[in-house]
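Going down the list, the sequences are from chains A and B.
Taking the working numbering, I'd label the letters of the first sequence as residues 1 to 785.
Taking the working numbering, I'd label the letters of the second sequence as residues 1 to 160.
The set of hints was computed from the structure by calculation and includes no laboratory data.
Note that beta-carbon positions come from the ideal geometry of N, C-alpha and C, so glycine has one too.
Treat the hints loosely; a few may be bogus.
Claimed, not checked - Under the rule of at most 25 angstroms between Cα atoms (straight-line distance), these lysine-lysine pairs were calculated in the DSS-like manner: (1) K681(A) - K132(B); (2) K132(B) - K205(A); (3) K774(A) - K762(A); (4) K96(A) - K374(A); (5) K629(A) - K743(A); (6) K96(A) - K224(A).
To be verified - Stretch by stretch, here's where chain B covers chain A in the computed footprint (C-beta under 8 angstroms, at least three residues): (7) 9-19; (8) 27-40; (9) 469-479.
Claimed, not checked - Residues on chain B that point at chain A, a partial pick, calculated with CB under 8 angstroms: (10) L48; (11) F97; (12) L103; (13) Y107; (14) Y145.
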Amino acid sequence: MRRAGELHVVGRALPRVEAAAKVTGSIAYADDIELPGMLSCKLLRSHHAYARIISVDTSAARAMPGVVAVITGHDLPVKYGIMPTCEDELALEHEKVRFVGDPVAAVAAVNEETALAACRAIRVDYEPLEAVGSIEQALVPPDDEPIHDYAGPANVHRLAALEFGDVDAGFAKAAHVREDVFFFEGNTHLPMEQHSATAQVVGGKVTLWSSTQDPHYVHRALSKVLGLPMGELRVVAAPHGGGFGGKCDPFSHEIAVCKLALMTGRPVKCTLTREEVFYTHRGRHPVLMWVRTGVDDDGRILAMHFRSALDGGAYGSYGPASTLYTGALQTTTYAIPAYRFEGVRVFTNKAPCGPKRGHGTPQPRFALEVHLDKLAGELGLDPVELRRRNYVKPFTRTVNWLRITSCGLSEVTDRVLEASGYEQRLRRPGHGMGFAVSSYMCGAGLPIYWNRLPHSECVLNVGRGGVTLLSGATEIGQGSDTVLATIVAEELGLGPGDIRLVTGDTGLTPVDLGSYSSRVTFMAGNAAREAGAKMRALLVKAVAEKEGCAAGEVRVAGGRIGVMSFEEAALLAEERFGTLSTRGSYTPPEGIGGRYKGAGVGPSPAYSYSAAVVDLDADERSGEIRVNKVWLGHDIGRSINELAARGQVEGGVYMGLGEALMEAQAYRDGLLRQPSMLDYKSLTFLDMPEVETILVETVDPEGPYGAKEVGQGPLLPVIPAVVSALHDALGVWVDEVPITPDKVVRVLSARSKGKEPRYGPKGFPEVPYPALVKVAPPDAATASL
Amino acid sequence: MPRPIGRELLRVQVNGEERELLVRPYATLLEVLREELRLSGTKHGCELGECGACTVLVDGLPQLSCLLLPAQVEGAAITTIEGLADGAALHAVQRAFVERGGLQCGYCTPGMVLAAKALLDANPTPTRQEIKEALAGNLCRCTGYASILDAVEEAARLLS
Ligand code: FES
Ligand code: FES
Chain A
1 MRRAGELHVV GRALPRVEAA AKVTGSIAYA DDIELPGMLS CKLLRSHHAY ARIISVDTSA
61 ARAMPGVVAV ITGHDLPVKY GIMPTCEDEL ALEHEKVRFV GDPVAAVAAV NEETALAACR
121 AIRVDYEPLE AVGSIEQALV PPDDEPIHDY AGPANVHRLA ALEFGDVDAG FAKAAHVRED
181 VFFFEGNTHL PMEQHSATAQ VVGGKVTLWS STQDPHYVHR ALSKVLGLPM GELRVVAAPH
241 GGGFGGKCDP FSHEIAVCKL ALMTGRPVKC TLTREEVFYT HRGRHPVLMW VRTGVDDDGR
301 ILAMHFRSAL DGGAYGSYGP ASTLYTGALQ TTTYAIPAYR FEGVRVFTNK APCGPKRGHG
361 TPQPRFALEV HLDKLAGELG LDPVELRRRN YVKPFTRTVN WLRITSCGLS EVTDRVLEAS
421 GYEQRLRRPG HGMGFAVSSY MCGAGLPIYW NRLPHSECVL NVGRGGVTLL SGATEIGQGS
481 DTVLATIVAE ELGLGPGDIR LVTGDTGLTP VDLGSYSSRV TFMAGNAARE AGAKMRALLV
541 KAVAEKEGCA AGEVRVAGGR IGVMSFEEAA LLAEERFGTL STRGSYTPPE GIGGRYKGAG
601 VGPSPAYSYS AAVVDLDADE RSGEIRVNKV WLGHDIGRSI NELAARGQVE GGVYMGLGEA
661 LMEAQAYRDG LLRQPSMLDY KSLTFLDMPE VETILVETVD PEGPYGAKEV GQGPLLPVIP
721 AVVSALHDAL GVWVDEVPIT PDKVVRVLSA RSKGKEPRYG PKGFPEVPYP ALVKVAPPDA
781 ATASL
Chain B
1 MPRPIGRELL RVQVNGEERE LLVRPYATLL EVLREELRLS GTKHGCELGE CGACTVLVDG
61 LPQLSCLLLP AQVEGAAITT IEGLADGAAL HAVQRAFVER GGLQCGYCTP GMVLAAKALL
121 DANPTPTRQE IKEALAGNLC RCTGYASILD AVEEAARLLS
C-alpha cells in the first residue's frame, strides 16, 4: 500500500466531479426526463388506514378524454418485497389496504391534470377494518383479521432472541445492575427530490429511469412482478436528489409506469407529490427499548440484555434486517462479554418503515449511550471514563462474532474532548455539554437476497474516448462518483475530472448492490481500485518495453506514464495488447461474522467510529433548546476526498440534530400528523449550529487506500449527546426523542412537583419472544485477531 | 373532468430572451418554466412554498416560482439557474459552490445559488448571520448548510 505522501489525488479537498453540472441546472434528475409522446401517471391511494376493498370501478375514469390506460391490482397480481422472507407488497392492492396512502389504482393520461382527475373518478368501495395504531395494540390479538396472514401471533411480524455467552452468570457476578426504558419516535428521510420514475418500451424491452438508490434490487423486483426475463429489463438510476435510505425499496410507482408503458406503447412518467413522499416513507422505525446492564466495581460491563420493539408500519420492507440491527452493533463499541438480544417488529396501519441513515442502529445507540450515562452517574464515575474502560480493542472479535479491524474509538474520543474543552467546561444555568460515541458498518457483509455474486464489480475502459469507468454504484449525493473517479485517477496518474463515469445502469454496468449500508467507498471503491491497478500495469508495461526500462522505473503521475503523455501511452498499450479493458470486483471476506441464525446482520469488512460533543443552552421556561456547537470526530480510515468527507459529517450531524430535536413521523387517530414540509419540522439555516469536524485516519488494512465509511456513522452519536447535554444543562432526563420543548417543560414541571425528573416511556410490553438461540462466543484465540 | 379553461398570452423575459407563451392562467411559473420552456434546472420539492427549491429571480428578487401565477409575472425579467453563467464561464456564486463543496445531491442547489446571488447583489458583504437569514427559506437535506455558508462567503470575496 502506498503511503500518504505518495498519493496524488486521494485525500485532497477537490471539487466533486459532477459539481459544475449541478450548479448550472444541466443535470437531469428523474423528473427532468422528457420523452416523445410521454404520458403522465398518477396513483390513486387509500384514504383508509385499514379496509377491505369490496370493488374498484374504473369505468368513469377510462371514459374520460385524455385517459389512455387505467390499471388496478388485478393487472399486477404478483407480490414482491425487498427481502425474500417478507414479499408482502402488491404494486396496487386489490384485496385490502393497510395504510392511508396504500396505492389502489394507476392512471396513464396525456397530462398530469387529466390523470389526477381520472383518479378522482375511480370509485372504490371499502369496508373499513379496525386499524392498529401502536406497538402495544399490535401485540394483542386484533378484533379484526391481522394485517398480514403470514406472520403472528397477533400482528407480530418478526421475533428474534439471541444469547451470546452466559448472561445470567454475568448478572449474578455484577456489583451494580441498572435498567432503563427508552422510546425513539420514528422520522422520515425527507429527500428534497420527490421520487420519480419514467418507463419506456422499445422493441419489447423496458427501460426504467428512476430516483432509486439500488437499481439492482429494482431490476429483480420488476422481473418478478412483470414476469419478464431480466435481460428484457433495464433499470437506470437517474441523477439523484437525495435518498438517505428512502429510495432503497422497489416502489409501486416504478412498477406501475413499466406496466402502463408496456400496455400503451408510450413512455410513462410518475412523479410523487410531497404528500405522497411522506406516505411512501420507509423511514426510521419508532422503537421502544429496554436495556439492563451489569458491571463490576470498576464499571466494566459483565452482561447486557437489550430488548427492542419496532413499529414496522404496514409492510415488511427491510423489517427483518431492521429488527436485528437494533441489537447488532452495541458490541462494536463496547466489549460486552455476555449479551442477550430480544427483538420484535410488529405491523401497524401506518406508512411502512424501512431503512434510514444508520438503519436500525440510531435508536439503540441513543438508548445505550444514555443508559451508560445514567449508569456512570449511579457509580459516581465520569461517563467518558466508564466508556473508555469498556471500549473494544482493534483487531478483536465481539461476543456476537463481529470482526473488528481498524478502530479509532480512543482517538476520536481524545480529539473531540480536547477540541471542545468538554472536561473543563464551565457551568452556567441552562448550559450543558454531552458526549457520546458510536460505530457503523462499511457495507453489509451479506447481500439482501442469497447469491454468490461479487457485491461490487466494475469495468474500466481506456481508448481514444478517454477513460471510462462502468460501475453499478449510484451517486445519491453522498459523493459516490467523486470517490470512484478519484480512486481510478489515483491509479492512472490523472485527475478525478479526467474519468468519465457510467453508473447505476443494469443494462450497461456490471453488478453492484447499490448505495445503502455505507458500502460504496469500501466495496465499489475496492473494485475500482483493482481495475485501475490492472490498467496502470498495462500502461506501464507498454511504456517500459518501449523505453527498455524496468516497470518500476516508470513513474505514473501528473497525466504522464513515464516519458509519455497518458494519451501516447494508452495508444501504445492498445497497439500492443488490443482493447484496453480491465475489471475489478469486491466480495467481503469470509469469516467476518458468525454462523448462527441472524448472523447475517451486523458483519461488515470494517467499522467506522465516531464521537460527538454537543454544546447547548436550554430555556427552562419555554423548553427551547439552542445547540451552540457540535464537535464530531470520525475515524474514516482514510478520506478519499476531504471536501466530500467533511460534507458527509456536517450533513450527518445536521440530520442527527433534526432527529434529536424535532423530526417525527407521528400519527394522531390513525392519521399522519405532518405530511408537508411546513409541518414536518427540520432544521433550517438559522437552526444549524457550527460543526467542527475532526477526521481521524486509522488506515484500514482492507479499505481502498485504507478508507472507511463516513455517510452514516457521524449521525449516530449526535442524538444521545444532545440528550446528555440537556441533562448536563437542566439535570433532567428526556428518554424519548425528539426532545420537543413540550417534553422539556413537562419534565421540569414534574420535577418542581417533586416527581422523578424524567420524561419517557414507563415500561416495556410483554412480548412472546421465542426460546433463546444460544451462541457460544468466540474462544480467546479467535477473539483476538 | 377538468373544466377547459382557455389559455392566455404571457409575455416575459427569461434569461435575457423575450418570450411570448400561451399558458393556462392557473399554471404556476414553476410549471411554465419546466413544462413549457423545458428549463428543468428549476426544481420542485413541495410546490406549496415550503422548501425554496423552486427559487428563481423575478426582476432580480428571489421568488418561489411554485407560488407565482402568469398574471403576476407579466412583463417581468426572470433569471433561472440556466441563465446565471456568462456563456461557458460560471458565475462567481456557482464557482464558489463548486470549490467549497456547497452541494451534495445538488437538488436544492439551483434555488440556493439564485437566492445567494440575490443576497450578494443587495448586500455585497453580508455577515454570516445575514447569509443565514437570507437563505433560511431554502431547505437542504444533505449539507447541513455549513459548506453553503462557506460558499456564499467565498462568492462575496470573489465578487469584491
Ligand atoms: S417547490 Fe416551491 S417552495 Fe417548494
Ligand atoms: S445538496 Fe441535497 S438537498 Fe441540498
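Query raised in the report: Are three or more residues of the segment 9-19 of chain A within 8 angstroms, CB to CB, of chain B?
Result: Coverage by chain B holds for the segment 9-19 of chain A (5 residues, Cβ < 8 angstroms).
Query raised in the report: Can the hint on L48(B) be confirmed by a CB-to-CB distance to chain A that is less than 8 angstroms?
Result: Interface hint status for L48(B): holds (7 angstroms vs cutoff 8 angstroms).
Report task. Given the hint that K96(A) pairs with K374(A), test it: the Cα-Cα distance must not exceed 25 angstroms. Result -> With Cα atoms ~46 angstroms apart, K96(A) and K374(A) exceed 25 angstroms; violated.
Query raised in the report: Count the residues of the segment 469-479 of chain A with a beta-carbon closer than 8 angstroms to any beta-carbon of chain B: does the count reach three?
Result: holds (count 4)
Query - Restraint status (C-alpha distance of K132(B) to K205(A) at most 25 angstroms) - result: Roughly 49 angstroms separates the two Cα atoms, so the pair is violated.
Query raised in the report: Can the restraint linking K774(A) and K762(A) be considered satisfied, given a maximum Cα separation of 25 angstroms?
Result: violated (30 angstroms)
Report task. Sort out whether K132(B) lies within 25 angstroms of K681(A), counting only the CA atoms. Result -> holds (17 angstroms)
Query raised in the report: Are Y107(B) and chain A close enough, Cβ to Cβ, to be under 8 angstroms, as the hint says?
Result: holds (3 angstroms)
Query raised in the report: Mind checking, does the segment 27-40 of chain A have 3 or more residues with a CB under 8 angstroms from chain B?
Result: holds (count 6)
Report task. Classify the hint on F97(B) as holds or violated, based on whether any CB of chain A lies nearer than 8 angstroms to its CB. Result -> holds (5 angstroms)
Requested in this report: Would you check the hint for K96(A) and K224(A), treating anything up to 25 angstroms between C-alpha atoms as holding?
Outcome: Between K96(A) and K224(A) the Cα gap is close to 21 angstroms, so the pair holds against 25 angstroms.
Query raised in the report: Between K629(A) and K743(A), does the CA-CA distance stay at or below 25 angstroms?
Result: Holds, at roughly 22 angstroms.
Checked against the numbered hints given earlier, the structure breaks hints 2, 3 and 4 and satisfies all the rest.
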